[in-house]
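There are 2 protein chains.
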Amino acid sequence: MLRRSFVSIIAAGVLAALPLAAAAQAQTDPLPSWNDGATKAAIVDFVAAVTTEGGPDYVAPNNRIATFDNDGTLWVEQPMYVQLAFALDRVKAMAPDHPEWKDKEPFKSVLAGDMKSVAASGKKGLAEIIAATHAGMSTEDFEKIVTDWIATAKNPETGKLNTAMIYEPMLELIDYLKANGFDVFIVSGGGIEFMRPWTETTYGIPPENVVGSSIKLKYEESDKGPVIMRLAELNFVDDGPGKPVGIQSHIGKRPIAAFGNSDGDFQMLEWTTTGPGKRLGMIVHHDDAAREFAYDRDSHIGKLDKAMDAAPKEGWHLISMKDDWKQVFPDQ
Amino acid sequence: MLRRSFVSIIAAGVLAALPLAAAAQAQTDPLPSWNDGATKAAIVDFVAAVTTEGGPDYVAPNNRIATFDNDGTLWVEQPMYVQLAFALDRVKAMAPDHPEWKDKEPFKSVLAGDMKSVAASGKKGLAEIIAATHAGMSTEDFEKIVTDWIATAKNPETGKLNTAMIYEPMLELIDYLKANGFDVFIVSGGGIEFMRPWTETTYGIPPENVVGSSIKLKYEESDKGPVIMRLAELNFVDDGPGKPVGIQSHIGKRPIAAFGNSDGDFQMLEWTTTGPGKRLGMIVHHDDAAREFAYDRDSHIGKLDKAMDAAPKEGWHLISMKDDWKQVFPDQ
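Residue numbers (UniProt numbering), protein chains in the order written: chain A, 1 to 332; chain B, 1 to 332.
Source of the hints: derived by calculation from the structure; they are not laboratory data.
Since the model is a prediction, treat every value here as computed from it, not as a measurement.
Heads up, some of the hints might be wrong.
Identical copies carry no separate label here, and so any pair may be met within one copy or between two of them.
Claimed, not checked - Subject to a maximum C-alpha distance of 20 angstroms in a straight line, what follows is the list of computed PhoX-like cross-link-like pairs (lysine-lysine):
#1 123 with 154
#2 224 with 160
#3 102 with 92
#4 124 with 326
#5 313 with 224
#6 40 with 123
#7 253 with 216
#8 178 with 160
#9 123 with 216
#10 218 with 322
Model the full assembly from the supplied sequences, consistent with the hints where possible.
Shown next as structure tokens:
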């Protein structure tokens, strides 16, 4: 019996190591920054349902697609979109090479720090700023510009790095979904090539899993070899009804879970949750003025109105930043 | 000592199972359908170089991107592109609902089987056939149409399923690259949504790893809920200089290995192999009339001329189907 017990000990220690580890992990809370309650339960129940083999709601791993909006869903979008801050900073950095901007709107107002006049220049002015700062260089040069900028760029109100103004509970959610076989994508109205240089280090989401708005690209020869140039021509707007189209173009599968925070996410949530089988749609509600910002229906940035009204009927869960999140940022 | 020997046996059998299996696999030829020679050696040497940690050519797994053309590189493109056969079959299937086609070119000639007149209708005629057969339905309906068609569609010369007319050596190459940490993409001039329904079962390449040409899509409400409609408007041509652009849009990374077979792959090969570090560019040369087809410079389908001339200078390897492949198709 001694020999058999040795075998048993070895078998228990080695063969069973894997299931034991899995069981141990299941007992650790994968979402520690979420307060217990209906919202957290909805997430955990959904993941359990779609990953239970043989269960009525089981979804094979290759169809476990989850999509996340970025601005206001994964990182702070107040007091202005980070990409707009990037564009304004670029105007200032490029100004020495553009003496004509001193007398030319909207650049003149950007350089003077007169944000009211910049805003008054409207969509046309914004398009000119984007064209001047986002086009006319190669994709590799643009990647370097963004990488250099994001390394030091700070939120103007908190003085913290933008890449630190990210939501810890959403990072946990991304990791939790990935650990359960999900393929996680960003689907943002922001520029696809503005996001790609830092999404992997910031969120663990690689460039190929980023869907966003884009300008046209052109492959051409240069004296440094072939390059892909960024043209001052809009290609695709990945916002509102554009989000399901961006999802279809890039992923070719309908998500089973989607996370947003504004009316720009309405169609992504609708497309996701009206598909067959169990689905999860969630909206980050910015109701926490103390720890972040409080805004919804009347905000110019991240307006949440139509989607908030539709949520109960559509079965979308509102994530209350105030009530559902124990901790907002990673460093708190 | 008896007890220790038991422990040793268990330890050898259980603890060491994983590394032993890995060592065994390394000694098995991962490319059995490739004849030994310079081409196979170039593949194996490249993979060894970029996966050797600490080596001068090491590439981290997240940057091991490989791209494959489809028509003529992964499956047979003669005597006509499979997608063209699909379009012609669809015209015939849809004809009862379009009595006007009996008197309207190019549909009249398609229905009469008069391929010379269809060809004479040129790009305009082809665009009309594509619009009639590829647009006007939802993405989900189109996926079903393609799935149903590909299940029985056969090559007109061999009478075999198109999905069986795939190159066994390339399947082995895809698996070999994946086993070595590569992320493998199709980058084809063919329609992205024509390929996605069958690439996973046929090649093991999932929909999200397929890049191709596309028509515009539009999200809209229908009486069956929201749908994404396919519009009769060209969106993107993923061929020639479009391939690096498609790669950048979808993947956001520059490949380190690319495989094609025609001048339509020139820029993809160039973009891939002119990047820094070790790179691999290969061209399938159809020189095997006995087992497949023999064509290059003068072919209307899969014309290989400019890229063949450039190959020696650019360091691109020609894969001779006749000399480098022991076996062409999976069932031989």
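Quiz prompt | Hints breached by this structure | solution = Those not satisfied are hints 1, 2, 4, 6, 8 and 10.
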